[in-house]
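Student: Going line by line, the protein sequences match chains A and B. FYI, my numbering numbers position 423 of the first sequence as 423, with every residue one higher than the one before it. FYI, my numbering numbers position 42 of the second sequence as 42, with every residue one higher than the one before it.
I should point out that these hints are in silico values taken from the structure, not numbers from a laboratory. The structure displayed is predicted, hence computed values, not measured ones. From the three backbone atoms N, C-alpha and C, an ideal C-beta is built for every residue, glycine too. Check the hints yourself; a few may be wrong.
Using 30 Å as the maximum straight-line C-alpha spacing, the simulated BS3-like pairs for lysine-lysine come out as follows [what the hints assert, rightly or not]:
(1) B:K23 - B:K254
(2) B:K188 - B:K278
(3) B:K117 - B:K86
(4) B:K9 - B:K132
(5) B:K107 - A:K88
(6) B:K194 - B:K86
(7) A:K88 - B:K58
(8) B:K132 - A:K57
(9) A:K51 - B:K107
(10) B:K117 - A:K188
(11) B:K288 - B:K270
(12) B:K181 - B:K204
(13) A:K188 - B:K107
(14) B:K9 - B:K270
(15) B:K186 - B:K175
(16) B:K107 - A:K57
(17) B:K53 - B:K180
(18) B:K23 - B:K86
(19) A:K370 - A:K50
(20) B:K58 - B:K107
(21) B:K278 - B:K181
(22) B:K204 - B:K180
(23) B:K107 - A:K50
(24) A:K50 - A:K16
One side of the interface only, derived from the structure: several residues of chain B facing chain A at Cβ under 10 Å [to be verified]:
(25) G46
(26) I64
(27) N84
Okay, here's what each chain looks like letter by letter:
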Amino acid sequence: MTRVISISPTIRHEGKSGLVLDVDEKGIVTRGDWVGLSPVRGIERFCTGKKMHQVPKIASRTCGICPVPHVLAGVGAMEASIGCEVPKDALLLRRIIHSASRLSVHALHAFMVLPDLYYPGTDTRINPYSPEPRARAIADRIQRIREIGQDCVQIAGGEAIHPGNPRVGGMYRNISPQAKTKLFDLAKEGNVLAHEHLDCMLALIRDFSRREWVEIGGARVPVPKNLGYHNQGYLATDPLYGTSSLEEHPSFDLARYAEVSPEHWYRGPGEVTYGDPTYPGGGTLPEGTAFDPAREMCPAVPIYDGQPVEVGAAARLRRFSNFDEKGTIGQLVARQMECIPAVTELEDCIDRLNPAGAVRAGTLPPGDGKPGWAANEAPRGTLVHITRVKDRKVRFFKMIVPTSWNMPTAGLALAGSPWQLAEFVIRGYDPCISCASH
Amino acid sequence: MGAELGKYKSCVSARSTDKEVLKYAQDGGIVTSLFGYALDTGIIDGAIVAANKEFYAKYPSKCIQDSSNLDMIEPWRPIPAIVNTKAELLAAAGTKYNISPNIALLKEATRSFGLDKIGIVGTPCQMQAVRKAQLYPVGMRDVGASIALAVGIFCMENFPYQSILQLVEDHAAMKLESVKKMEIGKGKFWVYGKRGQVVQLPLKVTHKYEQPGCHVCLDYVANLGDISTGSVGSPDGWSTIFVRSKIGEAVWAKAIADGVFETQPIEKVKPGLELVTKLANEKITKNKNTLEARKTFGVGKALRNPYI
Numbered sequence: 001m002t003r004v005i006s007i008s009p010t011i012r013h014e015g016k017s018g019l020v021l022d023v024d025e026k027g028i029v030t031r032g033d034w035v036g037l038s039p040v041r042g043i044e045r046f047c048t049g050k051k052m053h054q055v056p057k058i059a060s061r062t063c064g065i066c067p068v069p070h071v072l073a074g075v076g077a078m079e080a081s082i083g084c085e086v087p088k089d090a091l092l093l094r095r096i097i098h099s100a101s102r103l104s105v106h107a108l109h110a111f112m113v114l115p116d117l118y119y120p121g122t123d124t125r126i127n128p129y130s131p132e133p134r135a136r137a138i139a140d141r142i143q144r145i146r147e148i149g150q151d152c153v154q155i156a157g158g159e160a161i162h163p164g165n166p167r168v169g170g171m172y173r174n175i176s177p178q179a180k181t182k183l184f185d186l187a188k189e190g191n192v193l194a195h196e197h198l199d200c201m202l203a204l205i206r207d208f209s210r211r212e213w214v215e216i217g218g219a220r221v222p223v224p225k226n227l228g229y230h231n232q233g234y235l236a237t238d239p240l241y242g243t244s245s246l247e248e249h250p251s252f253d254l255a256r257y258a259e260v261s262p263e264h265w266y267r268g269p270g271e272v273t274y275g276d277p278t279y280p281g282g283g284t285l286p287e288g289t290a291f292d293p294a295r296e297m298c299p300a301v302p303i304y305d306g307q308p309v310e311v312g313a314a315a316r317l318r319r320f321s322n323f324d325e326k327g328t329i330g331q332l333v334a335r336q337m338e339c340i341p342a343v344t345e346l347e348d349c350i351d352r353l354n355p356a357g358a359v360r361a362g363t364l365p366p367g368d369g370k371p372g373w374a375a376n377e378a379p380r381g382t383l384v385h386i387t388r389v390k391d392r393k394v395r396f397f398k399m400i401v402p403t404s405w406n407m408p409t410a411g412l413a414l415a416g417s418p419w420q421l422a423e424f425v426i427r428g429y430d431p432c433i434s435c436a437s438h
Numbered sequence: 001m002g003a004e005l006g007k008y009k010s011c012v013s014a015r016s017t018d019k020e021v022l023k024y025a026q027d028g029g030i031v032t033s034l035f036g037y038a039l040d041t042g043i044i045d046g047a048i049v050a051a052n053k054e055f056y057a058k059y060p061s062k063c064i065q066d067s068s069n070l071d072m073i074e075p076w077r078p079i080p081a082i083v084n085t086k087a088e089l090l091a092a093a094g095t096k097y098n099i100s101p102n103i104a105l106l107k108e109a110t111r112s113f114g115l116d117k118i119g120i121v122g123t124p125c126q127m128q129a130v131r132k133a134q135l136y137p138v139g140m141r142d143v144g145a146s147i148a149l150a151v152g153i154f155c156m157e158n159f160p161y162q163s164i165l166q167l168v169e170d171h172a173a174m175k176l177e178s179v180k181k182m183e184i185g186k187g188k189f190w191v192y193g194k195r196g197q198v199v200q201l202p203l204k205v206t207h208k209y210e211q212p213g214c215h216v217c218l219d220y221v222a223n224l225g226d227i228s229t230g231s232v233g234s235p236d237g238w239s240t241i242f243v244r245s246k247i248g249e250a251v252w253a254k255a256i257a258d259g260v261f262e263t264q265p266i267e268k269v270k271p272g273l274e275l276v277t278k279l280a281n282e283k284i285t286k287n288k289n290t291l292e293a294r295k296t297f298g299v300g301k302a303l304r305n306p307y308i
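Make the full structure from the sequences, and use the hints.
Tutor: Dropping the structure here:
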């Protein structure tokens, strides 16, 4: 007999979301719907008519964890539409803040999943807030990595959260030689810590993948080997930075993309038939609670070749580095593995940066309404901003956000897992619901 | 009254022992020498100062002035800049009697300039801004902890650029380009020309050119600086120094030990603290009255009072 369980809100990720799960008698999910509940702010709509310089700054406010990709995709899209080439050193500064922010966001996600993991070889969960030395060693390192990442974004981008330095046509300012030295020191320190962090996280994730069961709400829940598997395919445009329609051979095909309303992928109205008050954090929703995922879902559903796809660290490594591990464990491993290329890229770009170089293109064309788009490989996957700029004003603005791609995919990936692990599965996608709704 | 000079640990009359600094300095070369010393000893790794057009021409990347057209920048308009060397400090020395928004660089100093330990010089209101940014950092992430040395300068009032233009070019009948130094002292506004001309204007004529915002200011001797300095109270070529905070005390003691300054006890010099106190009292009393008048400015309506 099928029971319907709903977990709402879900925790330890950005934004507000809920899960509606059809569950068989063994507690295995047969159909999952992951519903984004962060209210739509309507950024695409209210940016229409605003100046091209303002829109990336507004888009940045979509999300405070990944403002960097939004601001970079925003300025990139404006530049693609007006047809403006960015000076080399400006691009390097952008790559610096991009890789530094990826480093710190991935480290933050490690913090989010730590409470799901166990100390290797034990049945003790990790509490990153505990004063115990084992937990502190992990948590302090993560904090320092994040500090380094944010300091780098702050120096090169003007501000760690909502960087003010990027502008249409390049950057406002180059950095001083003194700042370059400081960046380099930070990156060197980050490199060492990122390697230690990777070793530590891989050990924890590998240990988790060998476990037969985990304890949730006092009960032993079996961990399936195919946790979070799906057949939806993967999308990535670049291992590190991104692409745009200015490029000769852009690695993203806008023609294969479409956006549909949630009705196409989400279930209709119904009500909860089973409530579990022992589920951690106050229980699941009580029996009789009405839901309507197709209508409650705030983000729209982007599809590629007619299907939802997975984007993110695992998709990037799969496409560009022959990574072949699937499912939630694969995502967790891939995400932590990406910290190293991020920090290497950071060092490399700092090295190549000329502090005396020009960072602003000359006169900016006002734009003639030609469509332009820029994809940025945000920490959570492919972020695309599409725009049409005419007379320096934005006539059309559209954001395709990583978590929007991932939400329907993750819903499909829930099937086959015990319902208690559903939150762990969606956490594997490092969701950012504010981004998805925008 | 009695609190008009703020809290301080010691007060002396001093001047730099560096002859080169004295050549460029307004008075005793305190700010230039102090920042030079702090840069040399690693107390600060950069300082925010008020530079000028010539400085900008020489070191454009040190300023946030956003104009590549030098002709657009007027002579004697201060441009906030970040300096890292003695040569840059000397290029920025000297008082400019109009508004220099030094705090505009405060956050940027910790960003693209990459400073960890900032030195900043400013008028009393700018010291207030620095302290407020430290205690209530609204949009000032990581700024507070980066401020290593705040040097305040005495300030009676300031002028908008247009006022200086009018005072110098109309009242003193001198082209701004030909001015070597300006000074307010001994009840006069002095303008020294590069060819040796000296013009003095009675302060009475300058009053209507003052920046209106200065009329509610209740701070004369930069009460919130780590160290405050100004010309009043000391003889020509010397400065009066208040050493106020622990940071100020430590830096000052080291600088004295290293022979950066020569000092005289303030009690030994003329006119001494008595004049400073008198002028501070005058400023505060006058401006308190302005504040008071704002309460009943309209009929049944007041103008805002930022102090309450």
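Student: Look at each hint and say if it fits the structure.
Tutor: Hints versus structure:
1. B:K23 - B:K254: 24 Å, holds
2. B:K188 - B:K278: 17 Å, holds
3. B:K117 - B:K86: Holds: K117 (chain B) and K86 (chain B) sit about 17 Å apart, inside 30 Å.
4. B:K9 - B:K132: 22 Å, holds
5. B:K107 - A:K88: Roughly 26 Å between the alpha carbons, so the hint for K107 (chain B) and K88 (chain A) holds.
6. B:K194 - B:K86: 24 Å, holds
7. A:K88 - B:K58: 25 Å, holds
8. B:K132 - A:K57: Holds: K132 (chain B) and K57 (chain A) sit about 27 Å apart, inside 30 Å.
9. A:K51 - B:K107: 26 Å, holds
10. B:K117 - A:K188: 21 Å, holds
11. B:K288 - B:K270: Roughly 28 Å between the alpha carbons, so the hint for K288 (chain B) and K270 (chain B) holds.
12. B:K181 - B:K204: The given pair, whose Cα atoms are some 20 Å apart, holds under the 30 Å limit.
13. A:K188 - B:K107: 25 Å, holds
14. B:K9 - B:K270: Satisfied, since the Cα-Cα distance of roughly 21 Å is no more than 30 Å.
15. B:K186 - B:K175: Since the Cα atoms of K186 (chain B) and K175 (chain B) sit roughly 23 Å apart, the hinted pair holds (cutoff 30 Å).
16. B:K107 - A:K57: Holds, because 18 Å separates the two Cα atoms, which is no more than 30 Å.
17. B:K53 - B:K180: 14 Å, holds
18. B:K23 - B:K86: 14 Å, holds
19. A:K370 - A:K50: Holds - the C-alpha atoms of K50 (chain A) and K370 (chain A) are around 16 Å apart, at most 30 Å.
20. B:K58 - B:K107: Distance of about 23 Å is within 30 Å: holds.
21. B:K278 - B:K181: 26 Å, holds
22. B:K204 - B:K180: 23 Å, holds
23. B:K107 - A:K50: With a Cα-Cα distance of about 28 Å, the restraint between K107 (chain B) and K50 (chain A) holds, given a limit of 30 Å.
24. A:K50 - A:K16: 28 Å, holds
25. G46: 7 Å, holds
26. I64: 8 Å, holds
27. N84: 7 Å, holds
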